[in-house]
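Visitor: Spelled out from the first residue to the last, the chains are:
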Amino acid sequence: MNFGDYLLFLNIAVPVAVGVFSLIFLRWSKKLQWILFFAAILAQAVFAVWFYNSGPRVETISLPIAVMNLNQLELVMRNNGIGYLFFGITVIVTAIIAVFSLSYNDKTHATGIAPLWTMLMGANAGIFFSGDWVSFILAWELMGWTSYFIISHGKERSGKAGMYYFTQSLIGTSALLAAVFIGVANTGSFAIKSTLNFYASQWAANPGLVIAAALLLTITFFTKSAVFPFFMWPSKAHAEAPDDFSAFLSGVMIKYGVFGMITLLLPLFGAGYNGPLVFGTPLFLFILGCIGMFTAAWGTLHAIRENDMKKMMAHSTVSNIGFILTALSTNTAMGIAAAVFHTFNHMIFKSSIFLSMAAVKYRTGEREMHKLGGMAYKMPVTFFVFLLGIIAAAGIPPMNGFGSKWLIFQAMFDKQWLLPAILGFFASTGAFLYLYRGLHSIYLGQLSPRFEHVKEAPVLQIVSQGILMLAVFAIGLFPGIFLIPINNALPELGLAPLTLDLYSVQGSTASIDITSIGLVFMGSFALVFILFLIGKKRRYVKMMDNYTSGETPSDWGVNEDKLHYAYNFYEPIEKVFEPLLNGFSMERLFGRIAHEAKRVSNAVRGWFNSPQTGIILLAVLAVIALAVWRFA
Amino acid sequence: MKGLNATLFLILPLITAFLLPLGALVHKRFGKMLNLATYGIGIGLGITMLIPTLLTGGAVLNMGGWPAPYGISLYLGPLALCSGIVIYLIALLIEINDINKSRTTYYHLLFNLFVFASIAMVMTTDIFNLFVMMEIGSIAVAGMASSANMRMGSRGGFKYIVMSGLVSMLMLAAIGLLYSATGTLNIAHLASRTADVLNPSFALIVGLGILFALFFEMEQFPFNSWIPEIYEGSSSSFTAALAGIGGIAGTAVLGRIVFTLLQDGYLFYGTFAKLSAVIFTVAIASIVIGEIAALNEKNLKRTLGYSSVAQFGLILAAFACGGSNGALAGIYLALSHTVAKPALLFIAGYFTRVSGSGDWRDMKGIGRKFPLLAGAFIAASLSIMGVPLFFGFWGKFELLQVLLKSGVFGAVAFGAVLFGSIFEGIYLLRIGHSFFVQTSKENMTRYQPKGTLLTAVPVLILVALIVFLGVYPQSIVRSFERIAADLVDKAQYVKFVLPTAALLPPGGGL
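Going line by line, the protein sequences match chains A and B.
Quick note, in our numbering, the first sequence goes up one by one and the last residue is 697.
Quick note, in our numbering, the second sequence goes up one by one and the last residue is 626.
Check the hints yourself; a few may be wrong.
The calculated label-pair distances, taken between Cβ atoms and stated as ranges, are [unchecked claim]:
#, chain 1, residue 1, chain 2, residue 2, range
1, A, Leu280, B, Tyr588, 35 to 41 angstroms
2, B, Ile215, A, Phe90, 24 to 30 angstroms
3, A, Asn118, B, Tyr588, 34 to 40 angstroms
4, B, Lys557, A, Asn647, 40 to 46 angstroms
5, B, Ile215, A, Leu97, 34 to 40 angstroms
6, A, Ile549, B, Ser595, 52 to 58 angstroms
7, B, Lys557, A, Leu97, 23 to 29 angstroms
8, B, Tyr588, A, Pro341, 45 to 51 angstroms
9, B, Tyr588, A, Val114, 30 to 36 angstroms
10, B, Gln608, A, Pro129, 20 to 26 angstroms
11, B, Tyr588, A, Gly337, 39 to 45 angstroms
In short, the hints are calculated from the structure, not lab data.
Glycine residues also receive a C-beta, built at the ideal position from the N, C-alpha and C atoms.
Just chain B, same shape as in the assembly (with noise of 0.2 angstroms):
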């Protein structure tokens, strides 16, 4: 029963979805009312195994009964698990915020895949199956971005699959190499090697291969130039899960990869503090640069979707000082921007939506009309800041901690973080103020709501969320303990998905 539990956890999404099509011949509104029913499902499915999860450990799915190293091996430990759960939620949000929207069955089709991609990237232990996985999620981002039927919702996803082709071929030609090498691409596998260290300079440039197209998926500088066409030309709750499920996607990925693979790995012995350098640097240009761009940004999705790069850009710094404060910062810190992210995407559509125009200057006032969602945009704006009180300061506040204590990197990312926050604490709360402001009576006619309730619900259980969070962390520290724990304890990893030591083939020459 507990596999099928697991089983369907992940592979719920890919049946619906191509159920798609056909439940469309019977009733236009099918696909939206078996997506609901699919996320709710899948949050259900993931509450039941959760506390088993959290105190054993863990459970391993072999795909058609292959253990690995042979076969692909699905782990679903507490960090899998409660990112599922969390996508699950968010993808939930959005088709509660979606209900009323026009979609096409094509996109709920491609929105399912994403939802299935981000859940098993999270989940699989096979270096391979990850590549695949963020293939199929690239393919369907780059369809969903260009729904919204605008020029720039377009050119944004032909950005993002050209870039998106760039960095695959990096990390598939990556790939290549250290399966040439070490004959396995199973992470455990390769985990568990005790005997021979890669080359130097080809252990580098695996890595680097790898890193590469992790940092796309959590847009990190310089591969994110498509950033502001996808987040300015497409729907705002396709945004949103950019943003939150492929964030917290992102982030338990690459926290996987980092801490499993490069950081104690016998096989990188040497090479992570170089790679860890260029983690530091790319995570340090992209809080700086986003932050920037976001300074004198007028288009309010836009503005949020530089605020993202710089989000991801300290959870990367996090998990680039690596140890167990590093990964429960970057899981604080993913939470935190998961949780809010979303909420302020959904009410810049709305907004959006309702004023006319993306601009937020154009949307004086708006506030006064709806007081709650502007109150929960300014929230949600506080809790990205880091401000106390309210769930995105645990993260920043184990993130300062953690900087100072990782040389001079992690010194210059310090300073990075801190310059942000002021950039960030002027361009959001600007926003927030100009909600607020007296304007002409023509122009608050101008603002008829159009399905309030629908975004009102998504917004404020995340509000909600934000602000118990933020009050009374001692309810889930102990879980992300446990999560960074399932993230660092690699002996832990490598005995759940080999359960017998299996040998390694013989490998490569080099």
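Chain A extracted, bound-state conformation (with noise of 0.2 angstroms):
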């Protein structure tokens, strides 16, 4: 056996052999654990530098299983386009998070993940690089288990929120379960290629049966990437999971469903089909795309009035799924860049900004945003990676959010999709209130004296956010840095690609260079900073002093925290959009299934328990009596 033949199984393999060696054998030192897991990621990063020019990878392993009269089952990886670059970014900003995990898991923090995180990017590189459904579904539930453990770890809270997320993981993967297995029913092969194609090709025989299979596929993907109306789980999951692990599970994990839908669940609409179109759109992609600007708005509307920092950054991300879903649901290859661009982005920033938070708790132990305030002062560089993430969140230049939002919008504009625009005019807009309330209330506003002696974040956890700092400004400045590998992986999706290079990109109403755009907002930066410098002398005041203009705030009765305005935060906003949130609650209709299941399950414990199980017992066979008379 050669393994450079097996290069692409071997970045499944070594992780998952490694997690399970460090699981079992290195319970005893939780420090050497998070070194072999940073020392597995950075190997899976090498690799995705190293063999980014080498032109496409096939491998194969058959295993002598007897299926379907198939006397071989083929296992296949390939890492053609799409697949690689994902899995590309994906391990280096994971490669980055684990450096700050390095740092995070000391005594007091210590979470003891690492050997299960360690699995799930051995199960990361199966999801980008399968080439048949067994691969994949073995990646996927790795990837669906692990993630539970690790969103629980060991907390009784975290269980239930790991253990909602689990739900729903679950409910997603028996619905590609389902998929995979009546496509492979009708094709004969595993190959993911040949089911997908045979779906298309269905159309016009079978529309009923590709539909079937579209939604199916559909809820798995949006199971995992939390569009509406699974969109709750972040909220609970990101909020409960260990700190650096949010920012994976916010930047890197809730885009497999993406990379899904893009990969598996677009094919399905392409040339065969011949159902009815809205837009130039099948009707089904353009109900997806409403739902993409739907959860946007959701998302942010329910990120307004959240006053604990990772669940708001949470429902953030929900919204910015929403604007994902919508272009790659416009099914051209504007959109199907603009999508990928965006989750690229996202994924740099939102793990800017989680990382961000992470190194706030660690050092406060905090997340209720009212209970802090005023870190800027302590935590300066901290403070500025948020800065800068929360500017590429909102999509404002000179930062890469901004060059996504806008491809995103062109897309569709050049479907005259202008209903879901303006609610994605709205999500963005809403999303400045957030974004601001926790600049404020975490960076700004008055210092709590109990954070007095606050420090700066450890220099790993520095390195970082700086690195995934750097990244947000230089792919702000220089879009090319990931439209260019995009743009060239569009072809094998059979899609044209666009024009654009390093600076610009032309959309469907205009063309755009970033990067002018960029160096004028940073000018503009700089002259007003040049201004500030050059003004007038400046005394700095106690923030005190400020407040209560030269007063003891003591005669007053109010002392440092009462002075932190941050709790209900939007109260007014709030209040507006209280009875819509109320009133059209996911939550509320999960609860109340998951209530009444159990429900359900009491009462057939009953049936075991009752004392006319004889009654009962002559009752169903009389019933099975009669179902064979009738029907059989």
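Build the complex from these two chains, which are given one at a time in their own frames, with help from the hints.
Guide: What follows is the structure in structure tokens.
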């Protein structure tokens, strides 16, 4: 056996093996577990960079397992285009997060999730490389249960959040299995491509089947990517997961659904489609697009009223996924490029935001925003990372979120999806509100005396945040860093590439030179800064003096904590949307379903205990007899 | 020599069962030691016969030298032999787990009888003989169920014996009818009949009578109202026997009846579709009801009991599909369940003992004290859920394949399996996580180890099997195919059991 022929498989097998090894044998040293974790990801990242230009690879392992008269089951890995790109960016971002984790998991904060996370990285590779359904299901399920245990990480509250996530994940997995096995039963092959081709060719003969398959896949990827109506799990799971893992969860893991939709769902709506069209888009995809924008707006509204910083950013992630979903639903080259571009951008800026918040929590132990405040004075670098992150999240140049959001709106205009676009503008503007709330409540405002001795985050944490910050900046100035590789991968999806270069991109209504715009923005910042420097000499006063105009605060019965305006920050806005959000609550619906499931479960258990089992037995026998007599 | 080996393979537990009361007069631990030796020798005998059997297809033992269909013949084919080895293996592991527990001699006696009955069930070629063995097994189970001396177990045992009485009655009636119509009860002989077809309604009644007894054996709804009491009230090693040994024996017998007698036989020509509809209905109901019942169950052992109901439902669904793929799927599922469920039950029993409560919510953080056992619990759970890299995946994989090719019932069962696997994941992994939850110091000091090694050894053997066969299924897949072929290949079976084409005595008038 030549290992060189199985490099893609090794990208899965090695992390899984390392994870299992460290889970079983390295329990005595969490430090060592984290180092192994970092090493495994670093190896993946090196692989991703090393083989960047090596061209497509296909690797096959044959298992002699009899399945439906096939004598062999072929496991196939291939690294063409889009999957390789996703793999590369995810492992590099994860490697950066891992640097943070190395420092974060000290004696008091250690969570012991490193081995499982290492295994999860194997699944990560599997999802992006799989060329057959068996490997894909393997990776998908591995990702599911490892992430459940990571989110739960031995805490009762987290366990509940994890179970909320995992339940939806299991529903998604079952839907995936259904879609896969129905396809395989018809094609007799486990190759992903042949199943997709089969479905795509059935629009004329059996449209119901294709729509059913599309629905099942949609459920799978909606649950994973937290699209409405499954949008509530991030606010629980991201919030309760270990802080460093939240960055991965929100930045990387939630994108598996996006990848799935692009590579497994969209191909069903290829040239063979002959169903109804809306604005030149298949009706199914148009509905997905509307759901996407609704999710964006809905997530924003939820984020605005959240006081917990991790929950707020989780809702923000949901909102961004909504944008991505709408972009890819257009099913055009521009839309898909915009979706992938925004996915990568979001991966970077949301990871940086979560890491910055994790650093704050590392030092203070708080995650409710009204208990924080003024952290910028104590943790300036962390503050700066957060600031640039939210500028990117708001889609303002010169940060990377701008270019991708611009492209998303261009893709919508191209299809004349005006109503979704309006919702999109609403969501995008609403994002300013919660992002600013985060900035103000955590980093600005009054510093509590409790945090007088807080220090800046440790070096490794700064390093990892800094790298992400630079990336946010660099891609904001030169969007081609991401757009050119994405553009090169488009033809593999059967799409014509866009017109773009390192600095600019051609949209549907206009073209844009993002670099110039970024430079203009930076120029104006520089100008203001210069004015600030050459302006009149300033005198620094204590913040408390500002508020109380020099009076002694204790005379007024106030202290620093009372002067930090953060609780119920957007009360007026919350009041406006409260009836809507409370009246139309998926949370309540799911709660209801869970409650009913428990009741049914109790009823069934009651049957086993009831003294009338004999009567029920006879009744059931009678029903069986009747069924056999009438129907069989 | 070969004949002797085969005979010993069968009756070893029967011999030792009746040596036990004598030996107990000499030494109190005689029973334990003798049983360990018995099962060890049984495995050894099985393995010596395994390779020739897999190659040539097996051997036939004619009791008293009377060839079939006149005497009782025992067929030692790949299916029977492998099931027998697995039964001995599980029995051995159960004995290891039980070494330091105080058991009466009678318990050991009954346990041996149960093992013997199970092995005889998978080997016999005679339906009446099968009936007798099932009765012996039932009596042993009812006796052992109350052995933990808890009210719950006695109640379960009583429920079990009532239900067992009902289904035995049905089965006996069916056997009587069948004999009146055909004049023979030898499975091979019945299957080889190429002349007459039974009247469809008659065949339906006969088929149902036999199947109901097997449904009972496989813990299927609605014959399983005894599940919660027996699983909760009796010792965990006994429930491991019920789920592991009873499960594999039930599967083998059901497979033999379905594939050899019902599916292709001329006797039941045209009736199999209806019978398969019944099997599907029962299987689907069991899957759904088992998973739903387990969802909100707080008692750990009961949860596992409900999970067994659903798992056996999967096996039934696989066999209802018929064909070699259905057989293969059923065998995969049966074996993976037989490996995983006893491990879970051993751990459940141990944790119940250590924590002093059967409620899994009272076992918080127990995994931090016993990481290996709790980790094994999660691994076995994942196998039961059918997650890739664990043994259970390949069975579920085959099953989903086959179901989609089996008409409307298959499609409904497909939905039920996927629906059930959602619930399975929820209740199993929820428990798995709660083992590792951080908890108070007082709680942790509550958990004092008591004979951990004796539980850990069998559990680790089973989990090692789960992981090895999950990651490297190639190692066993050919044997599985061989077993499935043994199950499906009726002609081969008839050829072995009835060496000379015996003439059928004139039958009844139906």
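Visitor: Each hint needs a verdict: does it hold in this structure or not?
Guide: Each hint tested on the structure:
With their beta carbons about 36 angstroms apart, Leu280 of chain A and Tyr588 of chain B fall inside the hinted range of 35 to 41 angstroms. Ile215 of chain B and Phe90 of chain A have their C-beta atoms about 28 angstroms apart, which keeps the hinted 24 to 30 angstroms range intact. Distance hint check: the CB atoms of Asn118 of chain A and Tyr588 of chain B are about 35 angstroms apart, consistent with the given range 34 to 40 angstroms. The beta-carbon spacing between Lys557 of chain B and Asn647 of chain A, approximately 42 angstroms, falls within the hinted interval of 40 to 46 angstroms.
The beta-carbon spacing between Ile215 of chain B and Leu97 of chain A, approximately 37 angstroms, falls within the hinted interval of 34 to 40 angstroms. For Ile549 of chain A paired with Ser595 of chain B, a C-beta distance near 54 angstroms keeps the hint of 52 to 58 angstroms intact. A beta carbon spacing of about 27 angstroms between Lys557 of chain B and Leu97 of chain A agrees with the range 23 to 29 angstroms that was offered as a hint. Hint check: Tyr588 of chain B to Pro341 of chain A, Cβ distance near 50 angstroms, so the stated range 45 to 51 angstroms holds.
For Tyr588 of chain B and Val114 of chain A, the Cβ-Cβ distance of about 33 angstroms falls inside the hinted range of 30 to 36 angstroms, so the restraint holds. As the Cβ distance of Gln608 of chain B to Pro129 of chain A is approximately 23 angstroms, the hint placing it in 20 to 26 angstroms holds. Separation of Tyr588 of chain B from Gly337 of chain A is about 40 angstroms and conforms to the stated range, judged on CB atoms against 39 to 45 angstroms.
Consistency with the previously given hints is maintained throughout, with no hint failing.
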